[in-house]
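Take the given structure of chain G and dock chain S to it, following the hints.
Chains as they are written, first to last, in the working numbering: chain G, 1 to 112; chain S, 1 to 114.
No lab work stands behind these hints: they were computed from the structure.
Misleading hints may appear alongside valid ones.
Under the rule of at most 27 Å between Cα atoms (straight-line distance), these lysine-lysine pairs were calculated in the BS3-like manner [stated by the list, open to error]: (1) Lys70/G x Lys41/S; (2) Lys44/S x Lys104/G; (3) Lys70/G x Lys44/S; (4) Lys41/S x Lys104/G; (5) Lys78/S x Lys104/G.
Non-contacting residues of chain G with respect to chain S, defined by C-beta distances greater than 10 Å in every case (computed) [claimed, not checked]: (6) Glu15; (7) Gly16; (8) Leu19; (9) Gly52; (10) Gly85; (11) Pro112.
Every residue gets a Cβ at the ideal spot worked out from N, C-alpha and C, and that includes glycine.
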Amino acid sequence: TQLLEQSPQFLSIQEGENLTVYCNSSSVFSSLQWYRQEPGEGPVLLVTVVTGGEVKKLKRLTFQFGDARKDSSLHITAAQPGDTGHYLCAGANRGSNYKLTFGKGTLLTVNP
Amino acid sequence: EAGVTQFPSHSVIEKGQTVTLRCDPISGHDNLYWYRRVMGKEIKFLLHFVKESKQDESGMPNNRFLAERTGGTYSTLKVQPAELEDSGVYFCASSQYRGDYGYTFGSGTRLTVV
Numbered sequence: 001t002q003l004l005e006q007s008p009q010f011l012s013i014q015e016g017e018n019l020t021v022y023c024n025s026s027s028v029f030s031s032l033q034w035y036r037q038e039p040g041e042g043p044v045l046l047v048t049v050v051t052g053g054e055v056k057k058l059k060r061l062t063f064q065f066g067d068a069r070k071d072s073s074l075h076i077t078a079a080q081p082g083d084t085g086h087y088l089c090a091g092a093n094r095g096s097n098y099k100l101t102f103g104k105g106t107l108l109t110v111n112p
Numbered sequence: 001e002a003g004v005t006q007f008p009s010h011s012v013i014e015k016g017q018t019v020t021l022r023c024d025p026i027s028g029h030d031n032l033y034w035y036r037r038v039m040g041k042e043i044k045f046l047l048h049f050v051k052e053s054k055q056d057e058s059g060m061p062n063n064r065f066l067a068e069r070t071g072g073t074y075s076t077l078k079v080q081p082a083e084l085e086d087s088g089v090y091f092c093a094s095s096q097y098r099g100d101y102g103y104t105f106g107s108g109t110r111l112t113v114v
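Only chain G is shown next, with the shape it has when bound in the complex (with noise of 0.2 Å):
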């Protein structure tokens, strides 16, 4: 069974600061997918890194996926109150038919 720890679990910041957030795993993924979901909706697709050692960036999002795909991080720069959401890491693996394993999330809290 495939596992990803994902912390923190819950981050509580001021505006301005930058965080980041871990997914580690003992498996590898062909792919990890990261989502932000708001109270009362499903996740939404951020981002989806595939190749080791990939960086992708949202705005002031930077998405990493770690060489050997085991492993993924999320960095916020100067965090606004607008991000305040769960975030969501989430592997999928071709020889699992690429369904989802998901980290426990994120709950990101950014004050004025």
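Same frame as chain G, but now just chain S:
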């Protein structure tokens, strides 16, 4: 394009009753997945359809759960009889291709069994 639609959004039923959840994927999406999140746990895979065929149902908890996708369009997930531990949020997701492209999720059905 319309997104993935799920209904009902909420359902409260008594233990032993039957509930049917419905998912309408994005039109043209052959791949349809069901996931579930129980309180305090991560979202977990239940099963995967490709068109009307069950590709993988390894995540289905037990035989009280029955999923169908007649005609390869919408899907239903029936729980009969419901137990307290079935409470949670059930998500449906769809994608046109199978692969590392990400999925579109519905807003989920919050099921509470009392």
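Do the hints match the structure? See the list:
1. Lys70/G x Lys41/S: 21 Å, holds
2. Lys44/S x Lys104/G: Roughly 10 Å between the alpha carbons, so the hint for Lys44/S and Lys104/G holds.
3. Lys70/G x Lys44/S: Holds. Lys70/G to Lys44/S sits at ~19 Å (cutoff 27 Å).
4. Lys41/S x Lys104/G: It holds: about 6 Å lies between the C-alpha atoms, which stays within 27 Å.
5. Lys78/S x Lys104/G: 26 Å, holds
6. Glu15: Answer for Glu15/G: holds, closest chain S Cβ roughly 28 Å.
7. Gly16: Answer for Gly16/G: holds, closest chain S Cβ roughly 30 Å.
8. Leu19: The claim stands: Leu19/G keeps its Cβ more than 10 Å from every Cβ of chain S (closest is about 21 Å).
9. Gly52: Given that every Cβ of chain S is farther than 10 Å from that of Gly52/G, nearest at about 13 Å, it holds.
10. Gly85: The claim stands: Gly85/G keeps its Cβ more than 10 Å from every Cβ of chain S (closest is about 14 Å).
11. Pro112: Holds, because the least Cβ-Cβ distance between Pro112/G and chain S comes to about 27 Å, which exceeds 10 Å.
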